[in-house]
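Peer 1: Sequence:
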Amino acid sequence: MIVNLYVLVCYLIKNLFNTKSRLVSTETFHAHLALLFVSCYFPCFIEMFFGISTTVLTVLIADLLATAGDITQTWTSPMYIKLYSNDTSENPLGKPLTSSEDSWIGSLINIGAVIGAIPTGFIADKIGRKNVMLAIAVPHMIAYFTYAFANHVYLFYIGRFINGIALGAGYTILPMYMTEITEDSNRASLSVTLNIFWTLGNFIPYAIGPYLSVRTFNLILAAIPTTFLLCFVIIGSETPHFLVQTGQIAEAEETVMRLRSCSKEKAKKEVEVLEAAFKKHDDVSLKDIFMNRGLRKAYIVSLILIFLQTMSGIGAISYYMQPIFAASGSNFSASVSTTICGACMFLSSFTTTFIVESAGKKWPLGVSCLGDALSLAVLGAFFYIKDSTSLSTDHISWLPIAGLLGYIFFFNLAYSALPWTISSELFPSNVKPISSASVAACCWMTSFFVTKFFNVSNEILGRAGTFWIYSGACLFAVLFDIIWVPETRGKNFSEIQEMLQK
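With the numbering used here, the residue at position 325 of the sequence shown is 327, and numbering never jumps.
Everything labelled a hint here was simulated from the structure, so no lab data went into it.
There is no bait here: all hints are sound.
In silico lysine-lysine, DSS-like type, Cα no more than 25 Å apart, as pairs:
1) LYS504 x LYS281
2) LYS97 x LYS454
3) LYS454 x LYS84
4) LYS281 x LYS268
5) LYS128 x LYS270
6) LYS493 x LYS299
7) LYS281 x LYS128
8) LYS504 x LYS299
9) LYS268 x LYS493
10) LYS281 x LYS271
11) LYS493 x LYS364
12) LYS299 x LYS281
13) LYS84 x LYS97
14) LYS364 x LYS299
15) LYS493 x LYS270
16) LYS128 x LYS289
17) LYS299 x LYS289
18) LYS493 x LYS504
Start from the sequences and build out the full structure, keeping to the hints where you can.
Peer 2: Structure representation (structure tokens):
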């Protein structure tokens with residue numbers, strides 16, 4: 003009912019602005035409205051025709067916040083082309099970006115993400131996971147509207163910083179929420195839906211960004227966090243973990259009954275298990291983590307996994323994909339190549355769920371890292387031939403898109419989602435505020451340096467050297483996975499902790 007009312011209000015607003023002075027074109031409005039309609043009703047249609055549980059529906063709606071956040075990761079790729087343009091009808095700044103401005107637009111989001119990530123876990127323990135997630139949608143909306151009407155580079159800086167705060171907070175709270183809202187039996191498969199919706203967010207700018215104006219593009223993007231906010235207010239649930247943690251036992255039982263569609267007796271048993279788990283653990287500090295063998299191992303594994311994932315260059319490659327293709331001199335246009343890679347990124351993410359269900363997490367993670375190492379090595383070899391030799395690359399002009407497609411496929415096979423899923427599974431709830439903040443801060447600080455100094459690295463080491471460094475990080479990740487990363491498939495929190503203590 004509320005969604006229908008919202009759609010009606012949108013239509014009325016469209017008519018109000020249906021003059022020469024309207025803020026958005028009719029084409030923009032209808033694209034925006036269609037996206038809102040599909041996003042609002044698609045989960046409802048799934049539940050109606052396939053009878054999925056409330057847990058699954060809640061997870062799918064929460065995933066929209068992941069999409070809203072990860073749009074920011076590839077937003078720069080089509081936007082840089084426009085902001086570097088001398089055409090004032092295409093470039094709202096009226097003049098091309100400088101290299102310095104380019105690097106700040108790319109990297110400021112990471113500074114914001116560090117600031118957003120650190121306090122989020124602690125705030126979620128005070129006001130709840132659901133309230134934090136609703137709050138995160140607002141900065142995303144503000145940022146996209148800021149881009150739509152920006153006419154100065156400093157407005158883009160502000161928007162990127164605001165986006166970053168919400169992005170970092172989202173990466174902290176979403177894995178925590180997914181782990182706590184799901185059951186042991188379906189936690190692995192539902193948690194990795196985050197990867198599907200993250201990559202959907204990556205794909206959207208590649209797919210529509212090159213073909214739309216700056217204003218139209220960003221107004222359409224603003225629909226996604228708006229849709230999440232509307233749906234999650236109505237359907238989203240607080241997690242049973244938080245309710246038990248704060249002593250709201252009756253509310254926790256009601257929530258479990260609604261999420262699982264189960265009897266009161268079964269819900270009571272699940273809540274009793276949570277109560278027993280919380281009684282075993284008191285609040286901990288960072289010092290306590292290092293004093294406990296299991297927590298110390300979990301902390302080190304999580305930080306190194308996320309560090310190596312970021313050092314694979316995913317941030318820089320996502321931000322600069324269209325310029326990378328333009329620099330390669332490929333026979334394929336940069337915009338078409340980028341769209342193909344974005345589609346591969348999105349479609350390959352669906353494989354993660356099936357692989358994790360059948361093979362666990364450890365060996366798919368190793369295969370994913372090895373595939374990335376080889377793909378990046380090939381990409382580095384292409385740029386070495388192009389930039390450092392007199393050999394022609396005309397006969398291998400297909401190699402950049404093949405290398406990046408390989409990198410994207412293997413990255414989304416497991417390397418994209420599993421470090422976050424594993425880091426969330428390794429810790430009990432009383433440790434997650436510290437662990438989630440640390441892991442997210444490590445990710446975004448590393449990402450800041452990778453993206454800020456991407457152009458500098460290209461100038462000093464050459465593009466080949468840059469990609470070979472990323473390849474080396476992936477090879478190290480293969481060894482780390484073999485030696486250190488535990489298998490968590492099918493295990494509950496207690497079993498995971500017992501395994502880490504050995």
